[in-house]
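Participant: Chain by chain, the residues:
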Amino acid sequence: MAKVSELRIAGMTLGEITKIYVSSTLGKVSIALFVILIGASIYAAVTLPPNFGSLWNNPLYWQIYPKDAPPAWVNYLSGNGYAPQVMFGREVSTQGSTVRFSFEVDNEYSVPWRDLYIVIKPMSGSSTFTAYLSIRRPDGYVITIGPLLISSMYTEVGTTQQVESQVIQFYLAKYGYMLTVPQGLSAVPYIFSTVSSGSLKPLKGIYVINLTLIANNPSKGIGNRLISLVLEGNVYGLMGTDAVGHDLWLGLLAGFPLSLEVGVVYALISTAIAIAVGLAAGFMGGVVDEVLTRLTDFVILIPAFVILVVLSVLLRLNIWQAMLYLAILSWGGAARIIRSITMQIRTAAYIELAKVGGASNLWILRNHALPQILPYALYLIVVGVPGAILTLAGLNFLNLAGANYPTWGNILYYAEQYGALESGMWWWVVPPGLLIVLVAVTFIVTALAIEPIVNPRLRR
Amino acid sequence: MGVPLLEVRNLSVNYTTMRGVVKALDRVSFDLDENETIAVVGETGSGKSTIAKAIVRVLEENARITGGEVIFEGVDVLKLSEEEFRRSYRWVKVAMVPQGSMNSLNPVLRVVDQMIEPLVLRGVPKVDAIKIAGEALESVGLPKDTLNRYPHQLSGGMKQRVIIAMAIQARPKLVILDEPTSALDVMTQANIMNLLKRLKREFKLSYIFITHDLALASELADKVLVLYAGRVAELGSADLVYTDPKHPYTQGLMTSVPTLREDKKLSFIPGEVPSLINPPSGCRFHPRCPYVMDICRREDPPMIDLKDGRKVACWLYH
Amino acid sequence: MSMLRGIALRIINLTVILLVVLIVIAAVLSGPASQVLKDTIQRETSEMVTTIMLHHPMTPAQAEQLKQTIIKQLENAYGLNKPVYIRVFYVLFNILSFNWGFSYYPDAYGVPSGSVVSIIMFALPGTIILDTLGILLSALIGIELGLRAALKYGSLYDRAITYYGAVDSGIPQWWVGILMILVFAVYLRLIHSPIVFPYGGIVDPQYYNVWLYDTAKAFINPKILASLLYHMVLPMLTVFIVNIGGWAYFARSVVLNIIREDYVTFARVKGLPQGQVVSRYIMRPAMPAILTSIFISIPFIIFGGFLLTEAVFQWWGLGYVLNIAIVGVPTPDMPVILADTYMSTLLYIVLVFILEILIYYIDPRIRESQG
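Residue numbers (this note's numbering), protein chains in the order written: chain B, 1 to 460; chain D, 1001 to 1318; chain U, 2001 to 2371.
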């Protein structure tokens, strides 16, 4: 029994293999890419809350985020025109029934904030509040908004009828301008605009926002609350947001660990099946070979993706189940190759020698066949991962085989449904695919780097 | 005697590999007349095949001819363009039976298709070419229906004979045979050797016979070139070299060949073939030479002409 | 002669497997397939009874009873009341005799009758054009590029092709389609470019009638043909970008192995010109190996990607129809999904058939080892 340090695969020790691998450019690139992948996965696993999946699927959680917003760094490229997401918060702890806050914000943007939210945490069903807002503009005018009834954690201010009419009143009184707020849209942007030579223009400068909060049940008082004011921006975050307000950076991040896990497990399973079948068929020959070859032909003739689609629809598969079915359906090609390698080994001269020397079949299998198959098996595993990731992403694109967790394919599904493409929302549509490519390419580059070890003819 | 058919002058070839530059051949020179056989003898890695590939100009991508001339019928063929050489020499004046002929046949083409290719290429009508191919097969003792077979249906010996048939059907002046029998059993080997002798007589061929098997070479050779680590050790007529080897390496080779007749003690040459990336200084054989002298370590011995017409590269005879 | 016999045997072998595959699929899908059949029976019976009532007026109660009787008899006839293993064969028979039922949402496909057979058949030409043309052209171009790269081993060209080829198998084809639309349809329009490409579709909507019902005529009419080609640009480009690399990569690696073979050197020694060496001694032996290495990627990449690409471009093919049946309608449109699956499976098997026979024809060694 050879010691591990003397273990030789394809004629080289592990040490030599590692050295060759690291010295090649491909090897270095693949290691770098893996570092990125694993780093991102660990980061995702650590920073995302455990219940991220259900958070993601709860639209209420995302309502204060801007919708359809490009990433914040777009501002650097386009000259700082878009108002970013701004949030002010104060913790209060009082028995009194009234609190007043004052926030200051500098509007230096040509595209003003879209909406305003009042957020109160925690919020129980029994307590309600009344809120008043008075906003002092840089031109000295003051807009008063309210009273607003606060009965839930998030209260959106801009689209209420009352606020709308109050803003319209303001414009009429101060500018004699007949403002129309389009149906369903928020009146908040107009708070940050002005009329100049007959048309609407953004009003830049310092704004002071005063919030007055009154508890409707005086005997209960305000209590311990975190009170926030959120100005919904036009750009957000590292990767922007989608139609629901999802922070795409988080959604994309979440895809890393899932993709890696599913891909690797798939590769292990399907390669294991291929090796088992290929070895058995190639080594034992005869009836076993016949049967297994027919089985392999059969499996090859089944269109895995197509069948997977039907199964996913019928059985409502989740991503792990889909992966399992995929593994069961796609080992055919690899098994054929392993079978032919095994047959070559079996009929090689040195095997006859070993048999003459009294070696049992099992011994030959372990000491001759396996070490030669191993490099190729490793190669198969690495090559198998991208296939699974692409196929499963494709299923996710049809909103099938999902998990209670955002996946890249699924993000693209919603983009397609929403029409993000026609709206030119590149930040929604490009990054998910890019990440799929990144993960796939990592494994492909690794396979390329392994190739010279597996196929000695390619060694120079 | 006239002009020799082939003169190789100071041929040197380098290979560039991952591990460094391999000096595979260093100033190899020899002459070959018409209807003459020269045996090129040496161990594995001595550069024998490199000579063959250099003459036919099919060296690998990473090989460079760094010097020397190959003068065939008065023309230095190394200076010709690839196209010129291909058209006028390959399989017209010179043919090669490569090492490992088993693998030299295209697995997806029938024998006849592969045999008539060089003929049809040179304007022979297909029907005639097939006839010529059939006759060539008969010359080597194969039935005509071999034409319709695929290589994998033939045995090793049969494939070897097909290649030989292909070589002679072109009626070349020179045939280079690189280990033509090394993968065959003794009986087939004997048959092939007899065949080669007969063909040489019949078609007035010249052979360069490359082998590591001295006994085999002795059957055909008029001249012997002993190659060690890419350099010529000894060059001379077969009789002389076999009966009275001068170079210590040749002597070692001769004594390590078992013969049925004499009751000799078998000896072998201690040591290993040197690395050609970093060859030993001076004479490349000096680490293994029983007669090594100080000068052997320092300086590379020149080719010394002996009175009996031989050339030896050894300080012993300086 | 024996080669023809060999090919015939291969065909028989593959046909048998095709039947087995169909049986297994029928078995797996017999549940929903039976349901589809039940629904079809319901619908047809209703129509039947309505027609009968025109000639023989009856009370609603009588009509209902008549309907139930007919339904019961039909269900028996179709074996819906038999145990599973017998039902499978009825299902199989239905598949093979094109008795595919009706869509739950006929309006979604632009086919008024809702007959699934029609829906699928209308979609077939689109898929065949894009898939076969796409794969064929990609293969030809790709193999050519790969061969050239192998011959120039180590050069910049070779390395570029290698990296492109390797990365290529990791790119989702349908996502590239999305990118194409984003750049060449959306952005070009944004910058008011004179040349724009369509968002999708297979021909101009005004020609849909001709395309669906009289496809042959569509090819003869230059206007429709032009419209087809115009709409084909982006999808075909997508197919090229994503597939050529894979073919090039396989071809290159196979050719690299072959170049080192002794028979290639020997061909040169024989004085054959480079062109002949390449075609007869490199490419011909390479073809079976290239084709075989595709076998590993066929299950996912080649077929799945195409279906989704059609969906992205709304290219009227099996993938487009499947997409509608799954996400474009309120609940999964089972009849269409099932029939689409049968058809896709059939196409796929034909593709594999052709590959297997090609390999058999080209490589005489395979003929020996598999008889």
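Hints in this document: simulated from the structure, not taken from any laboratory. We put the beta carbon where it would ideally sit given N, CA and C, even for glycine. Check each hint, because a few of them may be wrong.
To be verified - Partner residues are not named here, just some residues of chain U that face chain B (Cβ under 10 Å, in silico):
#1 Ile-2011
#2 Ile-2012
#3 Asn-2013
#4 Ser-2193
#5 Val-2196
#6 Val-2210
#7 Gly-2304
#8 Val-2312
Participant: If a hint holds in the structure, say so; if it doesn't, say that too.
Facilitator: Hint by hint, here is what the structure shows:
1. Ile-2011: 13 Å, violated
2. Ile-2012: 13 Å, violated
3. Asn-2013: 8 Å, holds
4. Ser-2193: Check failed: Cβ of Ser-2193(U) comes no nearer than 14 Å to chain B, outside 10 Å.
5. Val-2196: Nearest chain B Cβ about 13 Å off; hint violated.
6. Val-2210: Violated. Min distance 27 Å.
7. Gly-2304: Holds, about 3 Å.
8. Val-2312: Since chain B brings a Cβ to about 7 Å from Val-2312(U), closer than 10 Å, the hint holds.
This entry does not satisfy hints 1, 2, 4, 5, 6, going by the numbered hints stated previously.
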